[in-house]
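K.L.:
Protein chains in written order, with the numbering used here: chain A, 15 to 424; chain B, 2 to 433.
A couple of the hints might just be wrong.
[Unchecked claim] Partial list, computed: chain A residues near chain B (C-beta under 8 Å): (1) Ser39; (2) Phe42; (3) Leu50; (4) Ile54; (5) Gln63; (6) Ile137; (7) Glu147; (8) Ile148; (9) Leu366; (10) Ala369; (11) Leu402; (12) Ser405.
[To be verified] Pulled a few chain B residues facing chain A out of the computed Cβ check, cut under 8 Å: (13) Leu52; (14) Val280; (15) Val283; (16) Phe288; (17) Lys368; (18) Thr371; (19) Arg386; (20) Asn396; (21) Phe410; (22) Phe411.
Treat the hints as calculated values from the structure; they're not laboratory data. Just so it is clear, CB atoms sit at the ideal spot from N, CA and C, and this is done for glycine as well.
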Amino acid sequence: MTTLTDPPKESFRISMLIHDTRYRSLTFQAIAAALLALAIWYLGNNLIQNLRAAGLNISYSFLGEPAGYDINQRLVDYDSQSTHAKAALVGLLNTLLVAFLACVTATIFGVIAGVLRLSNNWIVSKLMAIYVEIFRNIPVLIWIIIIFTIMTAVLPGPRAFRGDNATSSMVLDLFAFTNRGIYIPMPWFESGLFASPTMNWVLVLAVLAGSWFATRRVSAWATHKQEDTGVRPKTIWINLAIWFVPVALLLMIMGLTWEVPALKGFNFKGGIKIGGPLIALWFALSIYTGAFIAENVRAGIQAVSKGQTEAASALGLRSGRVMNLVVLPQALRVIIPPLISQYLNITKNSSLAIAVGYADITATLGGITLNQTGRAIECVLLLMLFYLTASLLISMAMNLYNASVKLKER
Amino acid sequence: MSDQNANPYAFVRTETLPELPPPARETGAVKWMRENLFSSIPNGILTVLALYFIYLVLSSTLPWITGGIWTTSSLAECREVLNGKSAACFSVLTERWNQLLYGFKYPAEAYWRPNLALLLLLIAIAPVLFFDLPRKLLIFTAIYPFLAFWLIWGGTILAPIVALLGVVAGGVVFQLYGKNSFAVGFFGGIIAAFVVWWLGGALIPEGASENAMLSAVPSRDLGGFMLNMMLGVTCVSLSVPLGIALALGRQSNMPLIKGICVIFIEFVRGVPLITLLFVASVMLSYFFPPDSTVDLFLRVVIMITMFSAAYIAEVIRGGLAALPKGQYEAADSLGLDYAQAMRLIILPQALKISIPGIVNVAVGLFKDTTLVSVISMFDLVGMIRGPILASTEWNGVYWELLGFAALLFFVVCYGISQYSQWLERRLATDHR
Chain A
15 MTTLTDPPKE
25 SFRISMLIHD
35 TRYRSLTFQA
45 IAAALLALAI
55 WYLGNNLIQN
65 LRAAGLNISY
75 SFLGEPAGYD
85 INQRLVDYDS
95 QSTHAKAALV
105 GLLNTLLVAF
115 LACVTATIFG
125 VIAGVLRLSN
135 NWIVSKLMAI
145 YVEIFRNIPV
155 LIWIIIIFTI
165 MTAVLPGPRA
175 FRGDNATSSM
185 VLDLFAFTNR
195 GIYIPMPWFE
205 SGLFASPTMN
215 WVLVLAVLAG
225 SWFATRRVSA
235 WATHKQEDTG
245 VRPKTIWINL
255 AIWFVPVALL
265 LMIMGLTWEV
275 PALKGFNFKG
285 GIKIGGPLIA
295 LWFALSIYTG
305 AFIAENVRAG
315 IQAVSKGQTE
325 AASALGLRSG
335 RVMNLVVLPQ
345 ALRVIIPPLI
355 SQYLNITKNS
365 SLAIAVGYAD
375 ITATLGGITL
385 NQTGRAIECV
395 LLLMLFYLTA
405 SLLISMAMNL
415 YNASVKLKER
Chain B
2 MSDQNANPYA
12 FVRTETLPEL
22 PPPARETGAV
32 KWMRENLFSS
42 IPNGILTVLA
52 LYFIYLVLSS
62 TLPWITGGIW
72 TTSSLAECRE
82 VLNGKSAACF
92 SVLTERWNQL
102 LYGFKYPAEA
112 YWRPNLALLL
122 LLIAIAPVLF
132 FDLPRKLLIF
142 TAIYPFLAFW
152 LIWGGTILAP
162 IVALLGVVAG
172 GVVFQLYGKN
182 SFAVGFFGGI
192 IAAFVVWWLG
202 GALIPEGASE
212 NAMLSAVPSR
222 DLGGFMLNMM
232 LGVTCVSLSV
242 PLGIALALGR
252 QSNMPLIKGI
262 CVIFIEFVRG
272 VPLITLLFVA
282 SVMLSYFFPP
292 DSTVDLFLRV
302 VIMITMFSAA
312 YIAEVIRGGL
322 AALPKGQYEA
332 ADSLGLDYAQ
342 AMRLIILPQA
352 LKISIPGIVN
362 VAVGLFKDTT
372 LVSVISMFDL
382 VGMIRGPILA
392 STEWNGVYWE
402 LLGFAALLFF
412 VVCYGISQYS
422 QWLERRLATD
432 HR
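Just chain B, same shape as in the assembly (with noise of 0.2 Å):
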């Protein structure tokens, strides 16, 4: 019993040894490696193959973009510096900016007015987007649009003062009456509306635009990107009130009211944006009083809300048919009449749910916005076809042109949606 240490083993450890680190293939990169790219063989030859095709398509643009040039005046101009070499001619981009941007009549000198109304519209947008902004910017938003419209048309500032006045008197008798009844608030509010417009319009001078501080531009000088994002702004932001009354309309219990906003919704989702727009363009204008001329504009604007609204409706519809029919009970059972009920209880939840769809419905307005290169108007792709394309210097410049014109709608819809999904995160009130 002399030697503690005296057992039966030749050896034993007294000390713990200094941790290892873990082998080479179990830990780093290359266990990332060993279980995200070659897991198995059939995965092995995926990786490469995508690998492949990752260097085949970088191989062949990336010299192309980067060897670009930028400084040219023409398309011949450009190959003889390219001397052969494969490379853009990004110099189309440059010279005609303005072109891509606002249109080939735009006054030059105004091009300061959609600057302006953009980052304007930047500001306005911002409380509608992110609702922790304080709430008294929304007094701005309202006063966008017709600061908006005077900025990019032009013209007398009469006529949007007279629209927002109209406006303002209609919210005011709303705010007078609505309170005992929503219909006869709402009614009220409308023709009250009317008769400003009407006495406003009577009231504006002859001739007011001719000397006005901005110089009037008509609807037809506008063009390229410009044009899309007006379309698109306008549109969504009109669609969006519409397609929440029609989709109201569609869950009612009466039967002429459902039946109407039924068949409208139907109709217009069964039939392509273009047919749409021929009536637009071709169409419509049998439809107006003899001796008016409503601008190719607001024809266009007219059906492209109409056609947005019918999807919104749709979408807003699967909102409210996904809430509980509790809530409705519950909202009935408080004593809150149809109005209130839809303002206070249904509407804030079931847009809630509706938000993905309403932005995927938006995205794919604005990209559809680049359908009216085909009834001649001259936004981006329209700009990029005809003007640019057709002209001398620059006949036959596709890939820089329509790159970028890829680039600009790329940037702004995926900027919504990951605007959309955001949003989603934010709104979730439910604990997961």
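So that you can see chain A by itself, here it is in the shape it has in the complex (with noise of 0.2 Å):
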């Protein structure tokens, strides 16, 4: 008969630190805690040497000097007595403009090309797979500057459009392309409700937001009317009144007119200038994005199955309702992931304007700002701390999107 006795007491053994999987994790975060602060000890006395031997110190009080050079392209006033700081806040905004704007395109540009490479059109699915092949193996910089060189070489200087024997001519007396930018009529108001310009554009949205809730309302009454009685009443019209009417009334009170560009001595006056560097980038980064936005279309597409379409025809749903009720959802939770990355990508790459002299943050604060103060460490922080703010509210979106359109299982 055999007892069953307590396991022999161990006694702590320095070897057990390794092999004994208690204490094994303990002793390689210990290891991994020490290397980590040794290292950071280590870069710092070299930095806080290297410093002192420079002369230099960490400070940010250059944001407040005044900047002394000039910016093109800007939303906000700014002249060379701003500030650092103003610079970089100039530099932010065109960054938020130059990427927004390549957003919305390079979504445009990736849902054709996405949906007409699986065109049952032969010509047409092998050109956007050239395209998009074409477009993702060439580096984004080649293309922002071939596209910059399109506008500097190619495209017209002021004075081509001068004179009676004038060699090119504006496209419809509305639009100049020149090699300085492209000028495009620009609307603003002769009676405006508010004295400033901005506050009645905020009013024209507010109009464009109540009437987007109107027609949510609108929408929300048919499907109710459909419930109770099986027939959907039409609201299309209904709709397109609440869209269109109340804007057009506001614009028409607040007397809407347009400034068109025009020749004035040795360039365009008048209207909105859109400058070359920011087209380039723009343009570029769309295009270029816009090819791996169109293969996340096409797999998001593809994801979803044949039955899936067969299954609501065989319900009786028309191939209208079949896209919007069936496909295009389980499409989204498969193409809206990608595609916010794609939207971080094109954050990022509009850093890339420094190559073509867009003034973006990278090229206000961490071109210009950075070579005038010689304060490598602060700008090149500042300028990070911006991007990963970015990225991280971005990636917090796309988490919430993600977590609403998740399969909700048990």
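Work from the hints to combine the two standalone chains into their complex.
P.N.:
Now the structure itself:
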């Protein structure tokens, strides 16, 4: 007869630190912590010594000093007497501007190319495949330079528009494509309800938002009616009226007029000028990222199995409703996450602005300000902080969206 | 009943007719076109538009390319020869060929060295890419980095030999002790390698590079497409192991190690490569010992490697997450420890799943090596925008140069992605 005895009381031995799974992870973490501390101490020590040798210190006071350089493309008031912080703000807004514009157009390009690549028209689908392969396999920097070269070397100068035998003319007498940028008509209000033009535009946006809510209500009412009676009332005319009538009335009251660019002296005056660098960056980023988005869209649509479409048709849904109610919701679940990471890529790739001289935050804070003040560490850290914040915000939005469309499983 | 053939019908065919060919519209090219190009009216319009677009593109570029001039020595001369015609001046490519490929400072008599290094690269990389080749070739692959370093930078041969000896010493120590305990072998190997490097570094005589067999070339003289290739190959091969380590670290259940890896990966993925290159060019030197000079190439390699390692880590993490939990449990139940389980069970499967993603990162990284032109390194794009377009002879030859750069990158990147698709088919062990 055997009796169970307690296991022998082990005394702690030093080799247990590495062989015993209870202690091993602690050992490794202690080693890692020690190495990390050592590395930080070593790098920090080097930094302090180097800074002392160069007679520098870490200080952000340069942000308050006048920048002393001009920025052509800007969304807020700025002149060369403004501070470096203001210059960085101008750059930040320019980054956001080009990123936003490029996200919108890249999505449009990508969706069109992705859908057409699945077309049963052989030549169109092959053309789209060529578009995707060419643009994905050539660096975006080269595309930016190519489009910038088209902007500056191929388009005519303002001089070509002058005189009786002008070699170039404005498109529709509204748009001027010159090597200094593209001039488009600018809308403005003759009798705005507010003194500042910004507030007037905010008002227009507010009215549009109101229309959006109203159409939502109309749709909800139609759905309710359909559930009661089985017949869905036609809402398209009501919706169109809600969208257009209020905003048209408002624009008429405020006296919307267009200021058309015109050649005055050596250059075009009036209208909105979109500089060559902005166009180059915007277009190159959209068409390059559009190729990636096209592949995401194609994968998303192909991920919805054919049986889904057939089942929906068998239920008697028309093809538009099949797309809206069955295919798109499932395809979007696959498309949206990579789409948002493409938006992230656009935001990060917009830093290539520095190659064509578009004053984004990398070119102002990380370029001219850095070179003028010599504050390399501070500038690069601020720059990284901005991009990191932007990335984290976009990732957060992605996670929220993912959680909302996730398959509701048990 | 006399006439067998008598029947109530006026006519009955007694023999089979020969088979007619199908109608013209249901066969061959016509059928294909009806189905694929003109199946409906919108489709037909689309086809015509697409054909017109192709015609526009080809009619404007083809004469330009075929009429190109290859033998003049400046743009002015080329324009003279063209005499007002619109055609390409490809002579910029022939005249500046060496600058485009090697940069403008690499010694001309040493051009054979990078060429040989590229040729040997193809041999060294073959057993990695195509695993039907004899495994013995991997020995050459292991030697290749040191050989290539010696070929491209020149200088004393002792330096790469010492580096190689250090790696060999580390490998031997790992073989000896790694069987019992992975950790002991791993850290012992690293220490052994450092000891050999330190001893060897002390042994190399001062000024050994001066009369070396291959003249020494400083890093700042590297340039052109060679620089893109070197950065691409070095950073991809360094970042795969680092990426695996980061991915495993992120999966680890040790909070400290997991935290370090998560912060590193998310930080690097959150900032654009340009800012990291700024770090390399203006900031990193503050973190090295005051009297040391780490050259720009090495600093750029460090930053790009960190950048792509973070992306590769995320790809591999996806691969690890895609493995069924049963695989981990099966490895545990076999009594394998962590290192064995990873090496024998988990990583082979996870890496297989991640191959397309890794290749995507590699292609992206190779394209991103053009960004070094922003921090004034003269890679292919830097050469084109800097010395070549700024020269008086070739000021204004945009399309030939940019088209050439685009073509080079397209060929390499498209080749890599085709390889990845081949590999995916090859590695597909599941039955479909």
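K.L.:
Measuring from the C-beta of A:Leu366 to each C-beta in chain B, is the shortest one below 8 Å?
P.N.:
holds, 7 Å
K.L.:
Take the shortest C-beta to C-beta distance between B:Phe288 and chain A; is it under 8 Å?
P.N.:
holds, 5 Å
K.L.:
Hint check: is the beta carbon of B:Val280 less than 8 Å from a beta carbon of chain A?
P.N.:
At 6 Å from the nearest chain A Cβ, B:Val280 passes the 8 Å test, so the hint holds.
K.L.:
Does B:Phe410 hold up as a contact with chain A if the rule is Cβ-Cβ below 8 Å?
P.N.:
The hint holds - B:Phe410 has a Cβ within 8 Å of chain A, the shortest such distance being about 5 Å.
K.L.:
Hint A:Leu50 vs chain B: min CB-CB distance below 8 Å?
P.N.:
Constraint on A:Leu50 satisfied, holds at 7 Å.
K.L.:
Holds or violated: A:Leu402 as interface residue toward chain B, Cβ cutoff 8 Å?
P.N.:
Holds: closest Cβ of chain B sits about 4 Å from A:Leu402, inside 8 Å.
K.L.:
Given A:Ile137 was flagged as interface, is its beta-carbon under 8 Å from a beta-carbon of chain B?
P.N.:
holds, 5 Å
K.L.:
Should the hint that A:Gln63 touches chain B count as held when the rule is a Cβ pair under 8 Å?
P.N.:
holds, 5 Å
K.L.:
Grab the minimum C-beta distance from A:Ile54 to chain B and call the hint holds if it beats 8 Å, violated otherwise.
P.N.:
violated, 11 Å
K.L.:
Under 8 Å, Cβ to Cβ, is where A:Ser405 needs to be relative to chain B, so tell me if that hint holds or is violated.
P.N.:
Where the cut-off is 8 Å and the nearest Cβ of chain B is about 4 Å from A:Ser405, the hint holds.
K.L.:
Would you settle whether the hint for A:Ala369 is holds or violated, based on the nearest Cβ-Cβ distance to chain B being less than 8 Å?
P.N.:
Because about 6 Å separates A:Ala369 from the closest Cβ in chain B, which is inside the 8 Å limit, the hint holds.
K.L.:
Against chain A, run the beta carbon of B:Arg386 and see if the smallest gap drops under 8 Å.
P.N.:
holds, 7 Å
Hint check: violations occur at hints 4, 20; the rest are consistent with the structure.
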